[in-house]
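Peer 1: Position chain P with the ligands against the provided structure of chain U, taking the given hints into account.
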Amino acid sequence: MLKISTAPHINSPQDTRSIMRDVIIALMPALAAALLFFGLSALVVVLTAVAGCVAFEYLVCRYILKIPPTTGDLSAVVTGLLLAYNLPSNMPVWMVLVGCFVAVVIAKTAFGGLGKNVFNPALVGRVFLFISFPVQMTSWPKPDFLNFLNADVETGATTLGILKHIDAESSATKLAGGLSDLPDYGQMFIGYTGGCIGEVSALALLLGFAWLLWRRIIGWHIPFYYLATVFIFTSVMWLHSGNIQVEPVTQLLSGGLLLGAIFMATDYVTTPMTRKGQIVFAVGCGILTVIIRRWSVYPEGVSFAILIMNAFVPIIDYFTVPRVFGTGRK
Amino acid sequence: MSNKKTFTMGGIHPDKHKITAEKPIEDAGLPEIVYIPVKQHIGSPAKILVAKGDKVRVGTLLADADGIVSADVHSSVSGEVLKVEEIEGEFGYLEQMITIKVEGDEWEASIDRSPDIIREINASPEEIIAKIREAGIVGMGGAGYPTPVKTTIPAGKKVDCLIVNGIECEPYLTADDRLMVEKAEQIIIGAKILNKALGIQNAVIAVDENKPAAIEALRNITRSYVGVNVQVMKTKYPQGAEKQLIEAVTGREVPSGKLPADVGCIVQNVGTVNAVYEAVQKNKPLFERVVTVSGDAAETPSNFLVRIGTPASFLINKVHGSPDKIGKIIFGGPMMGTSAVNINAPITKLSSGILLFKDDISFKPEETVCIRCGKCVEACPVGLMPFAIAAQVRDGDYHEMKKLHVLDCIECGSCAYICPARIPLLDYCKLGKYELKKSK
Ligand code: SF4
Ligand code: SF4
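Those protein sequences? They're chains U and P, same order as listed. Residue numbers for the first sequence, in the numbering used here: 1 to 330. Residue numbers for the second sequence, in the numbering used here: 331 to 770.
Okay, chain U solo, but in the shape it has when bound:
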């Protein structure tokens, strides 16, 4: 019996699941870096988050929506990884699970599941935890190379936290003291610095970026325009004021900027459809990130910046409809 079907009869090898698999692979270098610097406790948080997100999605599909579980598309695994990467490595397990619940059940399935959610689920989960448990969310274990069991690890501030602190006290002596706590560029680049699990190593994140580009999962546009905006904006302020707080290279390498720009501002579902729209989105994220970092009470603004821009996606999409062939060139 011959099969019949409509054209096209071939498909690109990429499907939703394979894309998610590639994103997971791209996130692995950052996991390796986290293990080196934060030890096994980072792994505990990561595994909890992944298991939590997958389990919540499975349960919601099975018992509430009564549809075949969608966990096979691996998107819940990506959400779990990203959520964990945005948490400190000493986060209590039960709090991680609360984050998973908010990310998957409230930010994703309640909106209609993959493809319908307006906000990046992992970021919603993170921000919820940040607001609910501010103390745990802002005490980061200091990196301790190869101390896998995390014996006697102190907690300390992130680079951006130190900078914010300097600003708040702003007396010359304290300033000098604070500055010596700052990691140098090399440390920030490989990730020997305090921070959330997956955000510290620029090197690892850039490796992931290279993988995503090579596998054609994302274009270079969003990360590039996001980072370029932050760099230019902070450079202008830095040259103008000489304020160490906005020193552009530190701004690029610190906090969750690279993680956000490469992995979260590029989430298909919550970002614009067209190249043009994506550039607008990325520039918006960059501007908001710097504004929040510089003028708000929070040291870090990547999560908020991306979430705010998520809300603008429908408007951006509306104004960046591509020009139809044969309807007049601009």
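Please note: incorrect hints may appear among the correct ones.
Stated by the list, open to error - When the alpha-carbon atoms are kept at most 16 Å apart in a straight line, the in silico EDC-like pairs for lysine to aspartate or glutamate are as follows:
id, chain 1, residue 1, chain 2, residue 2
1, P, K377, P, D394
2, P, K767, P, E730
3, U, K276, P, E708
4, U, K3, P, D654
5, U, K3, P, D689
6, P, K694, P, D654
7, P, K382, P, E415
8, P, K413, P, D384
9, P, K385, P, D435
10, P, K612, P, E410
11, P, K694, U, D144
12, P, K655, P, D626
It is worth saying that the hints were derived from the structure and are not from the lab. It should be emphasised that the depicted structure is a prediction, and the values quoted were computed from it without experimental measurement.
Peer 2: Frame of chain U; chain P with the ligands shown alone:
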């Protein structure tokens, strides 16, 4: 003109699978029976001139064009007309066909069967168009638009460029490629003939860079012909689509809803141009064409010269495709072709390929939810938003659909090919177009 060109918007790069590119065109030989449809073109069916029991020869006129937008149909074999009635075509629909029992290979005396290439073009423009009409030539790239109509420039329009389409951007197909390698000079003379009919000086043969043998063969000969040039193109699908090709070659954009002649261009497929040469210089009607028979269920994939009306099953036997292994048979290419239900359906003037796929890759993947990846938007060569069209068609909102320019969709399938959620976007576009046209 040495720099490679391509179209600006969208496009995809599917795996080429041009496994038959090196296989010379082989004469498929004569089947026992042929089924010749009287409508192998866009327009009205031709009027049937023969009846059961009539003896015909190769090249005998079987049916006469009915009006301007129609085309003559000739016999491809010599033998006896068995019946003239409706028979199941490739998609299972009944089509009017003339069934001929093959008894031999006697050609009409008027056809010049010598192998000599005739370079001198003696026919006047009017005679050229008349000969094209008498030979029943239609656009052989798949559009099936009667060629005489396309060669007559509408009043008030000025055409300055003939583009010969040697792109063949569909995976697997190599029929045009082989034709350019083996009939390079005939194609170039055919282009000169069309130029004469159109009253213009320039023709560009556009060939994708993945066909080096064809490019070399054509270039060797264009040296001795003024006004015919080869333009090498950067490979991208759907470069062979008429409007995309014009934009790629000339930079001119055919306005939405307009014709190529509106920007001064005429596009003809290489197969058509070869048929024009044969009609005008050799008096040979269009009754055979090159067909690629390929796919992973074909043991010996090949390019064949096939008489129109030959049943697909005859060609499938020739490539040793075993019927139990074949899951799907496609007429045309894998991007735009249609899967056949009838294994005995005949080759027509438009059949560029027969593809045989094994059972295990013949399924249609399961549709999942749109993940808003934007890949369909990026791939669309027309700048449409296929995901949005799909959503509107699902909602039945035809007013919105019009705003989305669904009528400009060229049905290339790039969006559906690229979609990671495997949403049948092309089906939605076709359905949208159909409903929109109906509601007018
Ligand atoms: S089939 Fe239509 S909508 Fe889809 S890519 Fe081709 S032209 Fe665009
Ligand atoms: S390619 Fe498919 S999944 Fe991606 S936006 Fe288009 S319809 Fe949605």
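Peer 1: Look at each hint and say if it fits the structure.
Peer 2: Here is what the structure says about each hint:
With a C-alpha separation of about 5 Å, the suggested pairing of K377(P) with D394(P) holds against the 16 Å cut-off. Under the criterion of a C-alpha separation no larger than 16 Å, the hint pairing K767(P) with E730(P) is consistent with the structure, at around 14 Å. As the CA atoms of K276(U) and E708(P) are separated by approximately 11 Å, the hinted pair is consistent with the 16 Å bound. Restraint check: the Cα-Cα separation between K3(U) and D654(P) comes to about 12 Å, which is no more than 16 Å; the hinted pair holds.
Taking the CA atoms of K3(U) and D689(P), the gap is about 8 Å. The hint holds against a cut of 16 Å. Pair hint K694(P) plus D654(P) does not hold up; C-alpha atoms about 19 Å apart against a cutoff of 16 Å. Restraint check: the Cα-Cα separation between K382(P) and E415(P) comes to about 10 Å, which is no more than 16 Å; the hinted pair holds. Straight-line distance between C-alpha atoms of K413(P) and D384(P) comes to about 10 Å, which keeps the hinted pair within the 16 Å bound.
With a C-alpha separation of about 12 Å, the suggested pair K385(P) and D435(P) falls inside the 16 Å cut-off, and the hint holds. Restraint check for K612(P) and E410(P): not satisfied, since their Cα atoms lie roughly 25 Å apart, outside the 16 Å limit. Of the pairs offered as hints, the one joining K694(P) and D144(U) is violated, with about 52 Å between alpha carbons and a cut-off of 16 Å exceeded. Of the supplied pair hints, the one linking K655(P) and D626(P) holds, its CA atoms being roughly 10 Å apart against a limit of 16 Å.
Checked against the numbered hints above, the structure violates hints 6, 10 and 11; every other hint is satisfied.
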